[in-house]
Amino acid sequence: MRILALAGKDLKQLFQNKQTILFILVMPVIFTILFGFMFGGTSGGIVEDPRLPVMVIDLDQSAYSQTVLDLIEVSTAIRPVLDEEQGENQLRAEVQDGHLPGLVIIPEGFMAQLTSQEIPTITIVENEDAIAVNLIIENEVRTAYNRMVNAALTAVFSQQAYQESTNFASEIEQQAYHQASIELVLLGWETPPVETRVTKANPVETDTAGNPLGENAFSQASPAMMAQFAIAGLIGAAEMLVSERRSRTMSRMLTTRISKTGILLGHYLAIFTMIFLQLIVLVLFGQFFLKLNYFGQPLATLALITVTAMATGAMGLLIGALAKTSDQAVILSLTPMFIFSGLGGAWLPLEFTSETVQAISKFTPVAWTMQGFKDVLIRGAGLAEVSQPLLALLGFTVVFFALAVWRFRFEGE
Amino acid sequence: MKILYIAFKDITQSFRSFLAIAMMFLVPILITGMFALLFGGGGDDDTATIELPVTPVQIVNLDQGELGKILVDLISSENFTELLAVTTAESADAARSAVDDQLADAAVIIPADLSASLYTPGAQSEIEIYQDPTLTLGPGIVTTIITQFSDGFSGSTIAVEVVSQQLTEAGITLSREQIMEIITQYQLVFEDYTTQQDALRIEAPSGEARTNQGVAGILSMVMGGMMIFYAFFTATNAANSLLTEEENLTLGRMLTTATSPVEIVTGKLVAAAMMVFVQIIVLLAFGHLAFGIDWGKPWMLGLFVIAITLGAVTFGLFAISWAKDRKQASLIVGAGVTITGMLGMSSIFMLNSPNPSQTINTLSLLVPQGWANQALIHIMDGFSTPDALISLLGLLVYSLVMFTIGYKRFMKRFA
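Taken in order, these protein sequences are the chains called P and U.
Mapping of the first sequence onto my numbering: residues 309 to 721, in sequence order.
Mapping of the second sequence onto my numbering: residues 987 to 1401, in sequence order.
These are calculated hints, taken from the structure and not from any lab test.
For every residue, glycine included, the Cβ atom is placed at its ideal position computed from N, Cα and C.
Please note: incorrect hints may appear among the correct ones.
[Unchecked claim] Straight-line Cα separation of at most 27 Å, DSSO-like style, residue types lysine-lysine; simulated pairs:
| id | chain 1 | residue 1 | chain 2 | residue 2 |
| --- | --- | --- | --- | --- |
| 1 | P | Lys320 | U | Lys1313 |
| 2 | P | Lys326 | U | Lys1313 |
| 3 | U | Lys1055 | P | Lys317 |
| 4 | P | Lys320 | P | Lys508 |
| 5 | P | Lys632 | U | Lys1313 |
| 6 | U | Lys1310 | P | Lys326 |
| 7 | U | Lys995 | U | Lys1283 |
| 8 | P | Lys508 | U | Lys1055 |
[Unchecked claim] Facing chain U, a subset of chain P residues (Cβ under 8 Å, in silico):
| id | residue |
| --- | --- |
| 9 | Arg310 |
| 10 | Ala313 |
| 11 | Lys317 |
| 12 | Gln327 |
| 13 | Met335 |
| 14 | Val337 |
| 15 | Gly406 |
| 16 | Ile427 |
| 17 | Ser473 |
| 18 | Ala488 |
| 19 | Ser489 |
| 20 | Thr504 |
[Unchecked claim] A short list of chain U residues far from chain P (calculated; beta carbon distances all over 12 Å):
| id | residue |
| --- | --- |
| 21 | Leu990 |
| 22 | Phe994 |
| 23 | Ile997 |
| 24 | Asp1059 |
| 25 | Ser1077 |
| 26 | Asp1086 |
| 27 | Leu1123 |
| 28 | Ile1168 |
| 29 | His1274 |
| 30 | Thr1348 |
| 31 | Met1397 |
| 32 | Phe1400 |
My request is simple: use the sequences and hints to build the entire structure.
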């Protein structure tokens, strides 16, 4: 009962502080929306064409360059947008600023070179830091280029074979024959003999509007901000513990009938409850406003919320145990927030990082929270399938809690 | 002279605070260092490239002919060992299970009729890539390789079919030898085209050719963004000392001396400017020495340092002028600076976005950090001087507006 009374007092104190509310609820909501929009999320908005818009400067203005555009147009990942007014320099600046994913320049003489079996060069201008986007654009343009080369070569070979038997009656007939070859090849590419089909393992039905990769853009941002701001919320809790110790409130509490264990558990229960409520609100926000499918696996979601709150709460207790001043409480909260969020995949999906980082990430609770929630949201994983993240987070809870108990001082210095 | 005394006192006080030092120098360096670790680069090696993880792939070859074997040999070849770790599965179900169990990022299932489809007119065959839905990069690489392969074979089949069809329509019949000759010739020439480096030229926006991604480029963006973010944090925190002095009643005491409100506010601004200036210089030097970042032309960088110092200091004055007490000020320092800072840095976060939001890009210029970020990117990437100057001018205009409003509000408050 005393533990509950202490936890109740802590919670009242924490929620009376506007800064706590700001850090645990307002900021994660704002940042989830911000990051979601950055990654193409529209939260249910209607997007006419979610493919990556790639600007094209066609300096050749030929039938061949038009064919390349047509071939890019059938891509499911990028869509060509012909530049009509901005000019190359302006478009390059837009790529650099990240306003435009990429720019494709078809050179003058493209058709003439292909017809004479020379190799024309298509230029792709990319922002060199956008790894995933570059991969998509290069793949799609290369595919279109190869198919165009295929069409041009076929036309040349067909013409040569024809001319080995007979001659064209006129240049017009020859051109018509050539054009027919190109059209037949393009027709052939509509149903090629060998196709590549990409299927995803157990995809969850979700709102993917606005994302050419076919994912809800918030399925990364939502768990990421939940994990990051759960740690950010510890600042207030740790400051509260420091304040109680420095003002000797804890020493006074020890003169009452509450035990040291009771004080620790009471504080821990308060921090756990605060984070638990924070995660519940953020999950509800994700479910109803961001159209994520947390409720697809309610038990797995609830279990992940619980163990994430347990692990982060234990971390908060540890920070409160280590910090001697308010400044230290801030530093000791922000430092693990930055390190765990960065290494745990909250800022950048771990698949973009090296194997070394992926291995290190296993030692951060954020990585397991992210994996668990992403498995629920994208894979539709149930309770059994998220057992690994659940166990790992329980392990972090035990370690942090043990360290906190070991280092906790009740008397102020 | 009084202005300098006030500034000196504030600077001394700030540099004695570990929290201030951490926020000014340690956190931006820590975050940039972490990104260096994330991308497997850093140091003064500006040629370091991003270390892509090896993608575990399961492959199952159900093809009865030769083509499936060629494909297995291709993706298991030494050419791809740095990108793919290929394991042969016994069946399609086993390969899919490996992906389901997260033992592989993708499974390549070669169908039984792959070879047959190339020699049977009108036949179609499908190579399936079954991928982990939570991943993009690794399965994307696998898809690229398989698509290039399947397109190569489809292309030669389409070529033969089209040539045969056109000649048949013209009343010319090709012998088997002639068809084989066309296939051989086609494949030779096609290979020439597609393996030539000249076919696609990948350029950076500045026009320089690029063959792979550099770590220094990403680190410069991250460190630049962090530097701007924390410069605004430092300045706002420094401006907060006006309210601290007000609440501690030291401001009232100062005003009983022959020190005017103008001198007090100016002294605080000078202190903030000095701190931001030192912070920026230290971070620029550290970024160059530790991470090999090339920050661009020195004279343009000099203008940037002046502009961001003014921008950050006037932002701090403006932001704190709206706070009634220190509680409100700490909300502004915590939330206001963080939200405007992140918005200003949005172009950095959106670098790997599959669909970067134009709205967010436009919104980023509603905050001074957005102009500062845009200016630094233009300077670093060697853009034309007018582009960078326009961004710097945007920041200066912002500074002027923020200074006018912030200064007037404080003068009114202390009147």
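Results for each hint:
1. Of the supplied pair hints, the one linking Lys320/P and Lys1313/U holds, its CA atoms being roughly 18 Å apart against a limit of 27 Å.
2. A hinted pair counts as satisfied when its Cα atoms are at most 27 Å apart, and Lys326/P with Lys1313/U qualifies at roughly 9 Å.
3. Annotation: proposed proximity of Lys1055/U to Lys317/P is violated, straight-line Cα distance about 70 Å (limit 27 Å).
4. A C-alpha spacing of about 47 Å is found between Lys320/P and Lys508/P, which places the hinted pair above 27 Å, so the restraint is violated.
5. Only pairs whose Cα atoms come within 27 Å are accepted, and Lys632/P paired with Lys1313/U is accepted, the gap being roughly 22 Å.
6. For the hint linking Lys1310/U to Lys326/P, the alpha-carbon distance of about 15 Å falls within 27 Å, and the restraint holds.
7. As the CA atoms of Lys995/U and Lys1283/U are separated by approximately 35 Å, the hinted pair breaks the 27 Å bound.
8. Pair hint Lys508/P plus Lys1055/U holds up; C-alpha atoms about 25 Å apart against a cutoff of 27 Å.
9. For Arg310/P, the suggested interface contact is broken, since its CB lies about 31 Å from the closest CB of chain U, more than 8 Å.
10. With a least beta-carbon distance of about 27 Å to chain U, the hint placing Ala313/P at the interface is violated under the 8 Å criterion.
11. Restraint check, Lys317/P versus chain U: the minimum CB separation of about 21 Å is more than 8 Å; hint violated.
12. The interface hint given for Gln327/P is met, as the beta carbon of that residue sits about 6 Å from the closest beta carbon of chain U, less than 8 Å.
13. For Met335/P, the interface hint holds, the least distance from its beta-carbon to any beta-carbon of chain U being 6 Å, beneath 8 Å.
14. With its C-beta approaching chain U no nearer than about 11 Å, Val337/P sits outside the 8 Å limit, and its interface hint is violated.
15. For the restraint placing Gly406/P at the interface with chain U, the shortest Cβ-Cβ distance is roughly 4 Å, inside the 8 Å limit, so the hint holds.
16. For Ile427/P, the interface hint holds, the least distance from its beta-carbon to any beta-carbon of chain U being 5 Å, beneath 8 Å.
17. Here the hint on Ser473/P is kept, as its CB sits about 5 Å from the closest CB of chain U, short of 8 Å.
18. Evaluation of the Ala488/P hint against chain U yields a held restraint, the C-beta minimum of about 7 Å falling below 8 Å.
19. Hint status for Ser489/P relative to chain U: holds, with the closest Cβ pair at about 6 Å, below 8 Å.
20. The beta carbon of Thr504/P comes within 5 Å of a beta carbon in chain U, closer than 8 Å, and the hint placing it at the interface holds.
21. No Cβ of chain P comes within 12 Å of the Cβ of Leu990/U; the nearest lies about 27 Å off, and the non-interface call holds.
22. Every beta carbon of chain P lies more than 12 Å from that of Phe994/U, the smallest distance being close to 22 Å; the non-interface claim holds.
23. Against the 12 Å criterion, Ile997/U stays outside the reach of chain P, whose nearest CB is about 18 Å from its own CB.
24. Every beta carbon of chain P lies more than 12 Å from that of Asp1059/U, the smallest distance being close to 17 Å; the non-interface claim holds.
25. Distance to chain P confirms Ser1077/U as a non-interface residue, since its nearest Cβ pair spans about 16 Å, more than 12 Å.
26. A cut-off of 12 Å between C-beta atoms contradicts the statement that Asp1086/U is not in contact with chain P; the least separation is 5 Å.
27. Distance check on Leu1123/U: its Cβ comes as close as 5 Å (rounded) to a Cβ of chain P, failing to clear the 12 Å threshold; non-interface status is violated.
28. Remark: the non-interface label on Ile1168/U conflicts with the geometry, its nearest Cβ contact in chain P lying 6 Å away (cut-off 12 Å).
29. Here His1274/U stays apart from chain P, with its beta-carbon at least about 18 Å from theirs, past the 12 Å limit.
30. A Cβ of chain P approaches the Cβ of Thr1348/U within 12 Å, the least distance being about 9 Å, so the stated non-interface status is violated.
31. Every beta carbon of chain P lies more than 12 Å from that of Met1397/U, the smallest distance being close to 28 Å; the non-interface claim holds.
32. Under the 12 Å C-beta cut-off, the non-interface status given to Phe1400/U relative to chain P holds; the minimum distance is some 26 Å.
The structure is inconsistent with the numbered hints 3, 4, 7, 9, 10, 11, 14, 26, 27, 28 and 30, although it conforms to all the rest.
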